[in-house]
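Asker: Sequence:
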Amino acid sequence: MALRSLTVLLELGLVHYVLAALLLGIIVWVWREGLKDDVKLEGIPEAPGALPIIGHLHMLGGRKGQNDATIFSQWAKSVDSDLFSCRLGDQITVVVNTFSAAKDLWVTQSASLLDRPQQPGFLDKLGVDITGSPFTDQIRRCRAAAMRALGKNMWPEYYQLLKPSSEGLIVYLKEQGQSGKALVDIYPRLRIMLFDLGLSLTYGVRYGQFDDAFMDSFLTSILDITSVRASTANFRFYIRLLRWFPEPMSKTIAAEKVRAAHVKEIYQAYKDRVAQDGEVSCVVSSLGSDRLTEDEIHGTCLSLLQAAPDTVATALYQCIAFLASPDGNSFQTKMHDSILATYGGDRRLAWTNAFREEKVPLVTSLYKEALRFYTVTPYSVPHQTTKEIHYKGRVIPRGVAVYMNAQQANHDTAHFGQDAWSFNPERFVGNNSPMPHLGFGAGGRICPAMALSNRILSAMLIRLSLAFEMKLGDPKAGARVPILDPIDFSAVHTELVAAPRGFRL
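Under our numbering, the first residue of the sequence shown is numbered 647, with each subsequent residue one higher.
Simulated from the structure, these hints should not be mistaken for lab results. Don't take each hint at face value.
[As the list claims (entries may be wrong)] Straight-line C-alpha distance at most 27 Å; calculated BS3-like pairs for lysine-lysine:
| # | residue 1 | residue 2 |
| --- | --- | --- |
| 1 | 980 | 827 |
| 2 | 820 | 1117 |
| 3 | 1038 | 723 |
| 4 | 917 | 897 |
Every value quoted in this text rests on a predicted model; they were computed, and no experiment measured them.
Given only the sequences and the hints, what does the whole structure look like? Please build it.
Answerer: This is the structure:
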């Protein structure tokens, strides 16, 4: 029938009219799709420079040589508002830029911001992901189990896992640095140490149980997935029209295939150990008692592993950078003396108790300031409103994506004072606020490993201070000076997570 109709049209010479009408229809449809989500939010100004269909994406994803949080700050200044809207392709988005606004929305109105928008082409390739998935019953259950597994009452069972990783780092640095005679870049080893800790805590296995090629491949797959999460570099995640066209093997799919294969072997190693020892103290064992499925257990553990090599390693690295700098040398001495004074001069006691307690205020203040000043996740994984949110007479409708500009909020002079853009290692001495900074997010979906990460940072700073004096190397001998700028410390502008520029001590 269709062939006969086409023949008739050919005979009448009308095909070109039909094709023109079809083309016009497609153009109109594409235009309507592009404008479908082009709605204005009353009382919330829109960032300048939006284009049809792509919205503001052409200015994000590192395309201007700056991370998205820096661009968000520029837009907030241009519209003179603590929150504004922008369009990421089809996605209407509100960006929150001040500490007080973030606290109001993420904490006071937390129940309205528990959800997350979909990131098509990413989340659907990962399976269970407690970090970036919408807040389904499954994710709620997995997250609750993770919080229980990482609760402080469980820490005594994990101390034995932390000891070998930290001591291995100290031995490595002493050997590679030839007791201060050779230069060494500590960051790659910090990443491995934190990954080793993560593996020990989640699956009860050690980095050294597998060959280097296996673990390097696993770590690379973890980092490749992190590099894509919430990134605005790929238009396909935000523009539904582009997802009509087939995509070759994406970075996410390739990385997940590698990650899944490695997890299978690691999980088998865990089961072999259980068969041999009867019981293994780790998160997998705890999650199993919560009656999660095997997929849910892996998804929960992998979500924890995704964060391990980044936030803590980067914060610790930048602490070391400051301590080794001319401005940090005097504080390094003061902190070292404070550690010894806390333990009555007993170095062994200070070393032994590093993970078991947190009693040195200067150490706590230093890592909190590092997490504030060097915002490892400059803008948050987006949340999504589950109902209307009211803020200072403005309304954010249900179903709207909301980003926290953590980089800007962490340097908000209205909250932190006029020295917010200066690094002050004693800023948090005597400050016991439950939300000193936004380095781990805030509210109902704050990082479940926050408390444990803080303890690890404290312990590692104490042990490094007891083991070494940190000094900058001689540039003439090939030493690279650390970057202490709160934005330019990161060599990456295209991803959600910062990556510090390397230096050698």
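Asker: Take the hints in turn and mark each one as holding or not.
Answerer: Structure-based check of all given hints:
Of the supplied pair hints, the one linking residue 980 and residue 827 holds, its CA atoms being roughly 24 Å apart against a limit of 27 Å. At most 27 Å may separate the alpha-carbon atoms for a hinted pair to count; residue 820 and residue 1117 meet this at roughly 14 Å. For the given pair, residue 1038 sits about 18 Å from residue 723 by alpha-carbon distance, which is consistent with the 27 Å threshold. Proposed proximity of residue 917 and residue 897 is contradicted: the alpha carbons are some 30 Å apart, above 27 Å.
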